[in-house]
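These are the residues of each chain, in order.
Protein chains: 2
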Amino acid sequence: MTAHRQRAAATTSHRTPPVHTDPGDVPLETALLALADPVRQSLVRELAGAGDWERSCGSFDVPVTKATLSRHFAVLREAGLLEQRDAGSKRLNRLRRAEFDEHFPGLLDLVLRHHAEGLGAG
Amino acid sequence: MTAHRQRAAATTSHRTPPVHTDPGDVPLETALLALADPVRQSLVRELAGAGDWERSCGSFDVPVTKATLSRHFAVLREAGLLEQRDAGSKRLNRLRRAEFDEHFPGLLDLVLRHHAEGLGAG
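Heads up: the protein sequence lines correspond to chains A and B, in order.
Note that the first sequence covers residues 1 to 122 in UniProt numbering.
Note that the second sequence covers residues 1 to 122 in UniProt numbering.
In short, the hints are calculated from the structure, not lab data.
Glycine included, each C-beta is placed from N, C-alpha and C at the ideal position.
Please note that a few of the clues may not be correct.
A few chain B residues that face chain A, going by a derived Cβ cut-off under 8 Å, partial list only [stated by the list, open to error]: (1) P18; (2) L32; (3) P105; (4) G106; (5) L107; (6) L110; (7) L112; (8) H114.
Go ahead and model the full structure; you've got the sequences and the hints to work with.
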């Protein structure tokens with residue numbers, strides 16, 4: 001397992017591979033906190049409007065630094081909302097919509113229906 | 001306005017009357033944050049299992065101080081989830097289920113279905 005992880009890291013980039021959490025292992029508190037943040041709501045809405053693996057991490061238009069954006073992606077992974085994989089120098093993203101819906105029915109839909117309050121952008 | 005508030009406070013008790021927020025004026029972020037906390041989840045579940053105005057503030061069995069409990073009630077009021085009124089020395093509570101559901105459909109149900117994770121109680 002460790003050897004496999006090291007090999008994966010070596011073949012992709014200088015970054016450590018993303019760690020994922022299955023939505024079934026996510027406490028309700030974690031799911032709600034992940035979706036409460038306006039920037040993460042914006043990321044989730046953009047992902048919902050794109051196809052799986054279409055969006056790279058650098059393609060999101062949110063008013064935060066790169067480090068903060070990385071932290072937001074980590075929170076979304078820990079909440080079972082986001083799957084990421086490295087492809088060359090890019091890290092690609094997929095919203096785990098079906099898996100998340102199975103464990104938290106209606107929650108993601110609620111966020112996707114609401115406008116991006118607090119970001120100043122419609 | 002100030003005179004009115006002072007009079008209202010004088011006729012009920014030593015406390016200032018509770019201030020309420022309509023669920024329609026509550027941002028999604030506020031609603032999600034209010035329901036993310038395990039203690040507030042527990043309060044909401046207990047309220048959902050009781051009739052309107054049946055439960056007084058002192059009747060909840062949660063492992064927090066009185067001051068912390070007051071703060072949790074305030075957060076629930078600000079999220080449009082709780083209505084309170086003073087009756088003699090007691091403050092009575094009502095879950096604003098229908099009004100909240102209208103603006104955040106499915107969210108309260110999701111919380112009520114989940115167990116009280118993080119509280120150590122089933």
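Here is what the structure says about each hint:
1. P18: violated (24 Å)
2. L32: holds (4 Å)
3. P105: Constraint on B:P105 satisfied, holds at 7 Å.
4. G106: holds (3 Å)
5. L107: This hint holds: B:L107 lies near chain A, its Cβ roughly 6 Å from the closest one there, short of 8 Å.
6. L110: OK, holds: B:L110 within 8 Å of chain A, min 6 Å.
7. L112: violated (11 Å)
8. H114: holds (5 Å)
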